[in-house]
Amino acid sequence: MEVIRHLFLLFVFPGFLFTVVIGLYACWIVRKVTALIHHRIGPPVLQPLYDVLKLLGKETLIPEAANKAVFIWAPVIGFASVLLLAVLLWAVDFIPASENGMFLGDVIVAIYLMVIPSLALILGSSASGSPHAAIGTAREMKLVMSYELVLVMAFIVVLIKTATFHGISDSQNEAQLLSLSLIAQYSPIMSISGLLAFLAALLCVQAKLGFTPFDIPEAETEIAGGVLIEYSGALLALWKMMQAVMLVALPLFLVVLFMGGIGAGFVPILKGIVKYVVVLVLLILIKNTNPRMRIDQAVKFFWFYCSPVMAVAIVLAMLGNYYGKWWL
Amino acid sequence: MNWKIWSLKKSPWVFHVNTGACNNCDIEVVNCLTPKFDVERFGVTLVGSPRHADALLVTGVVTAQAAPRLIQAYQQATKPCVVFSIGACACGTGIFHTGYHVVGPVDKIIKEIDPNAIIAYVPGCPPKPEAMISGIVKTLNAL
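If you read the sequences in order, they're chains A and B.
For the first sequence, our numbering gives the first residue as 1, with consecutive numbering after it.
For the second sequence, our numbering gives the first residue as 1, with consecutive numbering after it.
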């Protein structure tokens with residue numbers, strides 16, 4: 001029975017099926033809100049599902065110059081890792097840690113799982129043997145390098161705030177601090193440093209999702225889809241589904257880190273949905289009101305503007321922890 | 001109905017190929033994506049690579065320079081793929097039919113490499129966006 005329960009958790013709820021459905025719905029929200037901003041009507045609700053179905057039914061071409069194994073396995077690995085991240089986050093939200101004693105992962109695991117989709121994208125596109133994809137790969141690498149530092153600094157702020165809220169002293173188990181279940185109990189966004197960290201992390205998530213102004217690796221108008229240019233058919237459908245699941249996992253991760261998670265029960269779930277949709281709409285608004293940056297501008301933006309702000313936020317959070325002021 | 005064809009009708013992604021058009025048809029193609037016509041209502045999206053495309057929107061007489069590129073783009077597109085000849089030039093070379101650089105209308109070039117290709121014609125100089133949408137709808141219904 002235990003095995004069946006775990007398989008159900010992984011594949012039906014809150015795993016594969018549930019997450020993909022929510023992800024495709026989130027894709028529709030992105031396209032619909034974009035259309036509303038343009039004063040258009042936009043696609044029907046099931047449009048992302050039609051897209052994926054159609055791609056699954058189409059011919060899958062593998063270029064002659066491509067490294068076949070890497071080309072085929074890269075989207076599978078990316079999809080699997082981002083799905084695992086989503087399951088982890090749902091489990092943190094819906095299953096209390098005390099109930100099952102399972103290892104639900106901590107921030108470190110989440111950081112690694114969040115990098116893998118980008119790495120898979122880099123692998124897959126560099127294996128496709130196209131010059132456009134090569135440019136896209138180079139840009140994706142630089143983008144990962146630029147936002148990863150800021151993202152980790154934002155996590156550090158969250159950890160310090162959690163220590164402040166929870167009142168953990170040095171003598172207690174510090175490893176407990178990294179647990180996502182503990183972090184999900186508090187909302188650091190109510191403090192100054194937490195708000196700064198949230199804004200920086202929001203921009204990093206924007207870059208991770210490949211939304212404008214950070215859609216530099218894909219840039220349809222200059223390198224014609226960049227990293228995904230050679231993918232077609234079922235493999236492209238896998239990438240699209242990976243992006244759909246990322247659209248669930250990354251905003252949900254922000255909700256868990258900064259806004260106190262979702263939690264079980266009717267009212268908490270309702271509140272959680274509102275939080276998730278607010279984060280998603282913020283991302284869409286940034287996407288639709290900004291032009292694309294050049295890659296050097298993006299690196300400069302993250303390293304020379306966001307990083308110092310995050311350093312200040314860390315200092316503020318440390319001061320708040322030292323003097324016991326939760327709002328700092 | 002076959003689910004592959006059914007889903008194809010629900011989300012035709014188009015790739016735009018200019019084979020020597022005067023840019024007039026191209027402007028009208030882009031016009032279809034504007035708020036007034038908004039073809040995204042029907043799931044039509046402009047994509048950057050023929051690998052992602054379900055339909056090629058070909059504009060312009062096929063010039064000697066453009067013909068090999070058109071063939072390449074068609075071969076790179078994943079099948080099933082519909083070819084739309086947009087405008088009088090693409091349908092039958094129009095007023096340029098005696099030009100020294102013209103190697104033929106779009107259907108002639110495509111039929112040379114794939115006799116079973118699905119080709120749709122939207123005449124006009126340039127065709128109105130309404131005409132293009134009507135052409136797309138009629139073609140998808142005929143699939």
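Accuracy of the hints is not assured; some may be wrong.
[To be verified] Simulated pairs of lysine to aspartate or glutamate, EDC-like, Cα-Cα distance not exceeding 16 Å:
1) 4/B to 59/A
2) 142/A to 2/A
3) 287/A to 215/A
4) 79/B to 38/B
5) 128/B to 38/B
6) 79/B to 215/A
7) 79/B to 114/B
8) 300/A to 59/A
9) 32/A to 38/B
Please keep in mind that the hints were generated in silico from the structure rather than gathered at the bench.
No experiment lies behind these values; they were computed from the predicted model shown.
Here's how the hints hold up against the structure:
Taken as a hint, the residue 4/B and residue 59/A pair is honoured in the structure, with Cα atoms around 11 Å apart against an allowance of 16 Å. Simply put, residue 142/A and residue 2/A have alpha-carbon atoms about 44 Å apart, too far for the 16 Å limit, and the pair is violated. In summary, the hint linking residue 287/A to residue 215/A is supported, as the alpha carbons are separated by about 9 Å, within the 16 Å threshold. A distance of roughly 26 Å separates the Cα atoms of residue 79/B and residue 38/B; the hinted pair therefore is violated under the 16 Å criterion.
Among the hinted pairs, residue 128/B with residue 38/B is consistent with the structure: their alpha-carbon atoms are about 14 Å apart, no more than 16 Å. The straight-line distance between the Cα atoms of residue 79/B and residue 215/A is roughly 28 Å, outside the 16 Å bound, and the hint therefore fails. Annotation: proposed proximity of residue 79/B to residue 114/B holds, straight-line Cα distance about 11 Å (limit 16 Å). For the given pair, residue 300/A sits about 41 Å from residue 59/A by alpha-carbon distance, which is inconsistent with the 16 Å threshold.
Taking the CA atoms of residue 32/A and residue 38/B, the gap is about 12 Å. The hint holds against a cut of 16 Å.
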